[in-house]
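S.K.: All chains, please: the whole structure from these sequences, using the hints.
Residue numbers (numbering that gives the first Met the number 0), protein chains in the order written: chain A, 0 to 479; chain B, 0 to 223.
Since the hints were derived computationally from the structure, they do not count as laboratory data.
Each hint should be verified, as a subset may be incorrect.
[As the list claims (entries may be wrong)] Distance condition first, Cα-Cα at most 25 Å in a straight line; then the derived DMTMM-like pairs of lysine to aspartate or glutamate: (1) Lys262(A) - Asp8(B); (2) Lys469(A) - Asp423(A); (3) Lys356(A) - Glu191(B); (4) Lys153(B) - Asp353(A); (5) Lys214(A) - Asp238(A); (6) Lys389(A) - Asp182(B); (7) Lys289(A) - Glu106(B); (8) Lys171(B) - Glu294(A); (9) Lys355(A) - Glu199(B); (10) Lys200(B) - Glu346(A); (11) Lys289(A) - Asp27(B); (12) Lys221(B) - Glu305(A); (13) Lys80(B) - Glu305(A).
[Said to hold, decoys possible] Some chain A residues judged to face chain B by a derived CB distance under 8 Å, without partners named: (14) Leu311; (15) Leu347; (16) Glu354.
[To be verified] Computed spacing ranges between beta-carbons, pair by pair: (17) Met279(A) - Lys55(B): 22 to 32 Å; (18) Thr60(B) - Met279(A): 25 to 35 Å; (19) Lys200(B) - Lys356(A): 15 to 25 Å.
Idealized CB from N, CA, C, for every residue including glycine.
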Amino acid sequence: MSITNSYTRFVERDMFSKTINKFWHTLAFKLTLQYALIFIVSLFGAFCVFYIIVSNTLQRDIDDDLLEELREVSDTIDFLGIDSTGAVKQVKWETEERDEMFLRVLDRTGKVLITSDMTYWKTAGINTQSLNQINAGKSHVFETQAIQGRQHEVRVLYGPMAAGKIIQIGVTLEEKDEFLNIIKIAIAPIIILFLLISTMIGWFMARNALSDVEKVTKTAQDISHGNFNRRVQTKSKNDEIRLLAENFNRMLDHIHELMNGLKELTDNIAHDLKTPITRMRMASESIIVKAECNEECQNLAANNIEECDNLLQMIDTMLMISKEESGISEKVKEAVNLSQIIKNALELFSPIADEKKIQCLNQVPDNVVIMGDYHGLHRMIINLLENAIKYTNAGGSITVAALVESNIVKIIFHDTGIGISEEDLPHIFERLYRCDKSRNQQGFGLGLSLARAVAKAHLGDITVTSQPGKGSTFTVLLPL
Amino acid sequence: MRLLLVEDDLKTASFIIDGLKEAGFAVDHAADGEDGLYMAIHEPYDAAIIDCMLPKLDGLTLISRLRNRKINTPVIMLSAKKSVEERIKGLEIGSDDYLTKPFSFSELLARVYALIRRATGEKEATRLEVGDLSLDLNKKEVLRAGKRIELQPKELSLLEYLMRNAGRVVSKTMIMEHVWNYDFSPMTNVVEARICILREKIDTDVNHKLIHTIRGAGYVLKDH
Chain A
0 MSITNSYTRF VERDMFSKTI NKFWHTLAFK LTLQYALIFI VSLFGAFCVF YIIVSNTLQR
60 DIDDDLLEEL REVSDTIDFL GIDSTGAVKQ VKWETEERDE MFLRVLDRTG KVLITSDMTY
120 WKTAGINTQS LNQINAGKSH VFETQAIQGR QHEVRVLYGP MAAGKIIQIG VTLEEKDEFL
180 NIIKIAIAPI IILFLLISTM IGWFMARNAL SDVEKVTKTA QDISHGNFNR RVQTKSKNDE
240 IRLLAENFNR MLDHIHELMN GLKELTDNIA HDLKTPITRM RMASESIIVK AECNEECQNL
300 AANNIEECDN LLQMIDTMLM ISKEESGISE KVKEAVNLSQ IIKNALELFS PIADEKKIQC
360 LNQVPDNVVI MGDYHGLHRM IINLLENAIK YTNAGGSITV AALVESNIVK IIFHDTGIGI
420 SEEDLPHIFE RLYRCDKSRN QQGFGLGLSL ARAVAKAHLG DITVTSQPGK GSTFTVLLPL
Chain B
0 MRLLLVEDDL KTASFIIDGL KEAGFAVDHA ADGEDGLYMA IHEPYDAAII DCMLPKLDGL
60 TLISRLRNRK INTPVIMLSA KKSVEERIKG LEIGSDDYLT KPFSFSELLA RVYALIRRAT
120 GEKEATRLEV GDLSLDLNKK EVLRAGKRIE LQPKELSLLE YLMRNAGRVV SKTMIMEHVW
180 NYDFSPMTNV VEARICILRE KIDTDVNHKL IHTIRGAGYV LKDH
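M.R.: So, in structure tokens, the structure goes:
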């Protein structure tokens with residue numbers, strides 16, 4: 000089997016229906032992604048709004064507390080007298096052993112008159128702009144300061160006192176920051192959880208919505224393999240997918256109708272052509288059998304018959320190609336022994352091969368069997384072999400080999416013939432295409448088209464590689 | 000021998016009738032299915048040739064009605080459709096043979112002979128002789144003028160087929176079908192090549208040739 004192994008590289012291509020092989024190219028995946036993204040963005044937005052509201056509420060509460068504190072302290076100090084030791088004591092007492100608050104009494108220019116313990120508040124400054132605003136008559140001024148060496152910011156309130164004095168109270172924002180931190184920490188797992196849930200829901204929704212689309216695709220695939228009676232069945236009620244399926248089915252009905260019409264038309268044309276050709280052939284035949292006709296007359300009649308036969312064969316082959324292209328029904332499928340067909344075909348052509356001094360090698364193992372249409376497969380093998388013999392010069396060789404793999408049979412026809420030029424190679428399976436532009440060679444250029452149509456009707460294909468002057472290799476791929 | 004031809008195409012019919020008459024048959028012709036049925040029921044024919052597409056009553060129905068009336072005249076069905084299903088349908092309904100248009104007249108003739116031979120229960124000979132050529136089918140022995148000739152299996156079948164139809168022209172299509180069991184002919188003339196080989200073995204070194212080529216029609220094996 001040495002020869003067969005070297006050909007495998009030619010056929011390592013995906014020959015059968017194309018599927019979306021990358022998960023992330025699927026529409027379901029894209030939809031899920033979009034769904035999850037929208038969900039997460041909205042969730043994040045909602046969280047931000049919530050966070051800002053909470054933050055503002057907390058700030059307002061703190062400010063209210065500060066104002067309350069300011070009123071109380073200023074009242075007490077007013078009562079005690081600003082210069083009394085009691086006032087100093089009161090200030091110290093208000094903030095005693097509390098590192099969350101400081102209190103200072105200032106004069107108009109910002110000079111500190113009384114102060115609480117400022118160990119924790121070394122860099123707490125006095126903002127002259129705020130002082131000016133109080134001096135100008137404002138009831139209170141708030142500001143936020145960062146304190147060096149402390150993690151949390153401080154909220155500072157300025158307020159007027161009797162005799163043009165100004166009171167400054169600062170309170171740490173630690174509590175607020177901590178509360179907001181708890182919210183931040185709690186929200187992360189919630190977002191992740193929701194992300195997972197939304198992805199899952201999104202995936203199921205997308206799959207569900209697209210399952211019918213998949214059915215449409217599957218049906219289309221089936222149909223492209225010739226099973227034109229398939230239609231899309233959907234379980235969805237009255238949505239766009241159903242509309243798509245219905246329109247798809249309607250389109251298929253229409254195409255089917257057109258195709259049947261065309262098939263009928265070609266059948267009728269073929270039939271109508273066949274009848275006069277048959278008459279012509281019969282008339283010529285009656286001349287041949289009549290003894291009274293002279294040799295010239297008989298020769299003419301014989302030529303006529305040969306031309307008629309060619310025409311008829313051409314019509315038949317064309318009809319068969321269109322029949323194969325419309326697919327084969329399961330009815331005609333049977334177990335077909337390819338080994339036997341190949342053996343018989345080689346035997347059939349052996350006198351011609353002998354005459355041309357072409358060596359024919361059969362490397363096909365026994366009993367290569369596939370389910371298929373015997374008639375079509377038979378024609379396919381005969382055509383490929385005939386083609387190989389036709390284009391192989393005296394002294395060359397033809398090798399037929401077969402490889403049976405897990406789900407595919409490869410039949411390889413290798414010849415050492417004249418080969419096919421690069422410009423002809425893509426066209427050789429086209430109907431009526433002939434490499435020999437002068438059209439002197441016998442044949443109509445239908446043999447390979449038919450062979451390929453048969454292979455395709457069996458959901459397979461034929462590939463070809465060739466080196467001009469060295470030979471060609473045709474590989475038939477048939478699924479088991 | 001009396002034959003019935005049911006064919007609506009008058010030109011085709013006239014060619015067939017002429018040919019059959021020349022071959023020594025008496026031929027009646029009906030141009031539509033109803034006439035054909037009437038004639039087939041009321042006259043005893045040795046065989047009937049019935050076209051598939053007929054006015055008034057189509058060929059398949061005609062044959063099935065004949066068979067329902069227990070009339071077992073051997074029937075060759077003619078059809079323009081070359082599909083296996085059609086052929087099987089024809090044979091199931093009760094026709095004995097099936098011929099796709101276009102056919103060569105010689106092919107029709109050979110089939111008529113074969114049909115009548117089968118219907119009359121004539122036993123197939125195991126020893127065939129044409130002139131000084133003889134073929135013993137049991138021993139697979141071929142003798143020409145007493146000299147033994149070695150033949151390959153396919154050459155033997157080809158010779159047998161030619162000898163069974165000795166004196167009659169057999170077409171390439173018929174040879175492909177009977178010797179190779181193929182229902183189509185490749186473009187390459189494989190039959191011609193095989194006949195050449197057979198001719199070399201049988202007709203060399205003898206005075207008169209037995210295998211003759213009739214251009215356009217086929218081959219005939221006959222002793223002058």
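S.K.: Please work out if Lys221(B) and Glu305(A) have their alpha carbons no farther apart than 25 Å.
M.R.: Given that 25 Å is the threshold and the Cα spacing comes to 23 Å, the pair holds.
S.K.: Holds or violated: Glu354(A) as interface residue toward chain B, Cβ cutoff 8 Å?
M.R.: holds, 6 Å
S.K.: Is Lys153(B) close enough to Asp353(A), meaning Cα to Cα at most 25 Å?
M.R.: holds, 15 Å
S.K.: Is it true that the CA of Lys355(A) sits at most 25 Å from the CA of Glu199(B)?
M.R.: holds, 17 Å
S.K.: Hint Leu347(A) vs chain B: min CB-CB distance below 8 Å?
M.R.: holds, 5 Å
S.K.: For the pair Met279(A) and Lys55(B), does the Cβ-Cβ distance stay inside 22 to 32 Å?
M.R.: Cβ of Met279(A) to Cβ of Lys55(B): about 28 Å, so the range 22 to 32 Å holds.
S.K.: Between Thr60(B) and Met279(A), does the C-beta distance stay in 25 to 35 Å?
M.R.: holds, 30 Å
S.K.: Holds or violated: are the alpha carbons of Lys171(B) and Glu294(A) at most 25 Å from each other?
M.R.: Answer holds: Lys171(B) to Glu294(A) is near 22 Å, not above 25 Å.
S.K.: Tell me if the straight-line CA distance from Lys469(A) to Asp423(A) falls inside 25 Å.
M.R.: The hint holds at about 15 Å.
S.K.: Taking 25 Å as the top limit, are the C-alpha atoms of Lys289(A) and Glu106(B) close enough?
M.R.: holds, 17 Å
S.K.: Check the hint pairing Lys80(B) with Glu305(A) against an upper bound of 25 Å on the C-alpha distance.
M.R.: Since the Cα atoms of Lys80(B) and Glu305(A) sit roughly 21 Å apart, the hinted pair holds (cutoff 25 Å).
S.K.: Straight-line Cα separation of Lys289(A) and Asp27(B) no greater than 25 Å?
M.R.: It holds: about 22 Å lies between the C-alpha atoms, which stays within 25 Å.
Checked against the numbered hints above, the structure breaks none of them.
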